[in-house]
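J.: As a plain string of letters, each chain reads:
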Amino acid sequence: MSSKKVIELFYDVVSPYSWLGFEVMCRYSRVWDVELKPRPAFLGGVMQGSGNTPPGLVPNKFMYMVKDLNRLAQYFDVPLQAPSDPFEAMFKKGSLSAMRFVAAVQDKRGDKQVEQVSRELWRRIWSEDKDITEPASLSEAAMTAGLSASEIEELLTLSTSKQIKDKLKSTTQEALDHGAFGFPLFVCHINGKAEMFFGSDRYELMAHCIGEKWVGPQPGKSAAKL
Amino acid sequence: MSSKKVIELFYDVVSPYSWLGFEVMCRYSRVWDVELKLRPAFLGGVMQGSGNKPPGLVPNKFMYMVKDLNRLAQYFDVPLQAPSDPFEAMFKKGSLSAMRFVAAVQDKRGDKQVEQVSRELWRRIWSEDKDITEPASLSEAAMTAGLSASEIDELLTLSTSKQIKDKLKSTTQEALDHGAFGFPLFVCHINGKAEMFFGSDRYELMAHCIGEKWVGPQPGKSAAKL
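Residue numbers (our numbering), protein chains in the order written: chain A, 1 to 226; chain B, 1 to 226.
Note that these hints are calculated values from the structure, not bench results.
Mixed in with the good hints, there may be bad ones.
Result set (SDA-like, lysine to any residue): computed pairs, CA atoms no more than 20 Å apart in a straight line [said to hold, decoys possible]:
| no. | chain 1 | residue 1 | chain 2 | residue 2 |
| --- | --- | --- | --- | --- |
| 1 | B | Lys-67 | A | Gly-179 |
| 2 | B | Lys-53 | A | Met-47 |
| 3 | B | Lys-213 | A | Lys-193 |
| 4 | B | Lys-193 | A | Asp-68 |
| 5 | B | Lys-213 | A | Arg-71 |
| 6 | A | Lys-67 | B | Ser-50 |
| 7 | A | Lys-213 | B | Tyr-75 |
| 8 | A | Lys-193 | B | Lys-67 |
| 9 | B | Lys-67 | A | Asp-201 |
| 10 | B | Lys-67 | A | Asp-177 |
| 11 | A | Lys-67 | B | Asn-52 |
| 12 | A | Lys-213 | B | Lys-193 |
| 13 | A | Lys-93 | A | Asp-77 |
| 14 | A | Lys-213 | B | Asn-52 |
| 15 | A | Lys-67 | B | Glu-204 |
Using the sequences and the hints given, assemble the complete structure.
T.: Here's what the structure looks like:
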C-alpha cells in the first residue's frame with residue numbers, strides 16, 4: 001500500500017473559488033510530497049443533494065464575492081474576471097454539459113489533459129466571458145488545450161453517453177458522501193485517514209494537517225522558508 | 001489626520017469563528033502597525049438585515065463546521081469546544097442580552113475591558129458550555145474579567161437602557177452598511193479607503209492588502225520572516 005499522500009480535488013468549472021483552489025493545488029502538487037487527483041463533479045448536484053443554496057443568491061454575499069474574487073485573483077495571480085452576467089452564467093446556463101465533457105476527457109485521456117481542458121473552460125467562463133454550454137464552446141476549449149479535432153468529436157459523443165453521465169453522477173455522490181455542500185472540496189488521504197477541507201481558504205491549515213509547509217501563492221518562487 | 005491603520009472588528013460572542021478572528025487580531029494588533037477597534041454588534045440582526053441564514057442550518061455545513069472549528073481551535077490555540085447543544089445555544093437562546101452587556105461595558109469602560117469581558121463570554125458559551133443569557137451569567141463573566149460587583153450592577157442596568165439598545169442597533173446597522181452577511185467582519189481603513197474582509201480565513205490576504213506580514217497563528221513567537 002502506497003504511503004504517498006493523496007489530495008483529491010472535487011471541482012466544477014462553474015465555480016470561481018474552485019479555479020483558485022485548482023491553480024494553487026497544481027502549483028503545490030509540484031513541491032509537496034503529494035499526489036493531486038482531480039475529481040470533476042457537478043456543483044448543481046452537490047447543492048441539491050445537500051440542501052444548500054448558492055451563496056451569490058444573498059445580495060450582500062454576492063457583492064462581497066465580487067470584491068473578494070478580485071482581490072484573491074490578484075493575490076494568487078489567476079486571471080479571474082467575473083462574466084458580464086454572472087447569474088446567467090452560473091444559474092441559468094450552468095455547467096452540466098461542460099462537466100460531462102471534462103469527465104469524458106478524464107476517462108479517455110487522463111489527468112494531465114483534464115487539468116488543461118478544465119483550465120481552458122475556467123478561462124472561458126471566468127476570464128473571457130464566453131459560453132461553456134455549446135459543443136462548439138467545449139470544442140474550442142479542448143483545442144486550446146491541445147486536443148485534435150477527431151479526439152474532440154469522440155469526446156463530445158462520449159460526454160453524452162450513459163457511462164459518462166453515470167460517472168459524473170457517482171463522483172458527485174462521492175463528494176456528497178464526504179459531506180460536501182459546495183466546491184472546491186479537498187479530501188486529503190494520509191495514513192489511511194481522510195481529512196476534508198472546503199473552500200479555497202484552508203491551505204495553511206491543510207498544510208499543517210498533512211505535514212507540509214504553506215509558503216504563499218507561489219511556492220516555486222519563494223526562497224525564504226517559513 | 002492620523003495615518004495609523006485602523007482595523008474594525010465587528011463581532012458577536014455567539015459566533016465561534018468570531019472568537020478565532022478576535023484572538024488572532026488581538027495578537028497581531030500588538031505586532032502590526034494597526035489600531036484594533038472592537039465593534040460589538042448583533043449577529044442575529046445582521047442575518048435578518050441581509051436576508052442570510054446561519055450556516056449551521058444546512059446539515060452538511062453543520063457537520064463540517066464542527067470538524068473545521070476543532071482543527072482551527074487546535075491550530076490557532078484557542079480553547080474552542082462546541083456546547084453540548086449548539087442549536088439551543090446559538091439559535092434558541094441567542095446573544096442579544098450578552099451583546100447589549102458588552103456594548104454597555106464598552107460605553108462605560110472602554111476597549112481593554114470590552115476585550116476581557118468578550119473573551120470571558122466566549123469562554124462560557126464556546127469553551128465551558130455555560131449560559132450567557134442570564135444576568136447571573138453575565139455577572140460571572142464580568143467578574144472573571146476583573147470588574148467589581150457594583151460596576152457590574154451598573155452595567156447590567158445600563159445594558160437594558162434605550163441608549164445601549166440603540167447603540168447596539170446602530171453598530172449592527174453599520175456592519176450591514178459595510179455589506180455584512182455574517183461575522184466576523186473586519187473593516188480595514190488605510191489611506192482613507194475601507195477594505196472589508198469577512199470570516200476568520202482572510203488574514204494572509206488582509207495582511208497583503210494593508211502592507212503587513214502574516215506569519216501564522218503566533219506572531220510573537222515566530223523568529224523566521226516570511
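J.: Would you mind marking each hint as holding or not holding in the structure?
T.: Hints, one by one, checked against the model:
1. Taking the CA atoms of Lys-67(B) and Gly-179(A), the gap is near 11 Å; set against the 20 Å cutoff, the hint holds.
2. The suggested pairing of Lys-53(B) with Met-47(A) holds, with an alpha-carbon distance near 16 Å, which does not exceed 20 Å.
3. In summary, the hint linking Lys-213(B) to Lys-193(A) is not supported, as the alpha carbons are separated by about 33 Å, beyond the 20 Å threshold.
4. Between Lys-193(B) and Asp-68(A) the CA atoms are separated by roughly 16 Å; this keeps the pair inside 20 Å, and the hint holds.
5. For a cut-off of 20 Å, the pair hint linking Lys-213(B) to Arg-71(A) stands: about 16 Å separates their Cα positions.
6. The hinted pair formed by Lys-67(A) and Ser-50(B) meets the criterion: a straight-line CA distance of about 17 Å does not exceed 20 Å.
7. For the suggested pair Lys-213(A) and Tyr-75(B), the alpha carbons sit about 14 Å apart, so the restraint of at most 20 Å is met.
8. Pair hint Lys-193(A) plus Lys-67(B) holds up; C-alpha atoms about 14 Å apart against a cutoff of 20 Å.
9. Our distance criterion of 20 Å between C-alpha atoms is met by Lys-67(B) and Asp-201(A), whose separation comes to about 15 Å.
10. Proximity of Lys-67(B) to Asp-177(A) is assessed by CA-CA distance (about 15 Å); at most 20 Å being required, the pair is judged to hold.
11. A threshold of 20 Å between alpha carbons decides the hint, and for Lys-67(A) with Asn-52(B) the separation of about 18 Å falls inside it, so the pair holds.
12. Among the hinted pairs, Lys-213(A) with Lys-193(B) is inconsistent with the structure: their alpha-carbon atoms are about 33 Å apart, more than 20 Å.
13. Among the hinted pairs, Lys-93(A) with Asp-77(A) is inconsistent with the structure: their alpha-carbon atoms are about 27 Å apart, more than 20 Å.
14. Taken as a hint, the Lys-213(A) and Asn-52(B) pair is broken in the structure, with Cα atoms around 35 Å apart against an allowance of 20 Å.
15. For the hint pairing Lys-67(A) with Glu-204(B), the CA-to-CA distance comes to about 16 Å; that is within 20 Å, so the pair holds.
Violated hints for the displayed structure, listed by number in ascending order: 3, 12, 13, 14.
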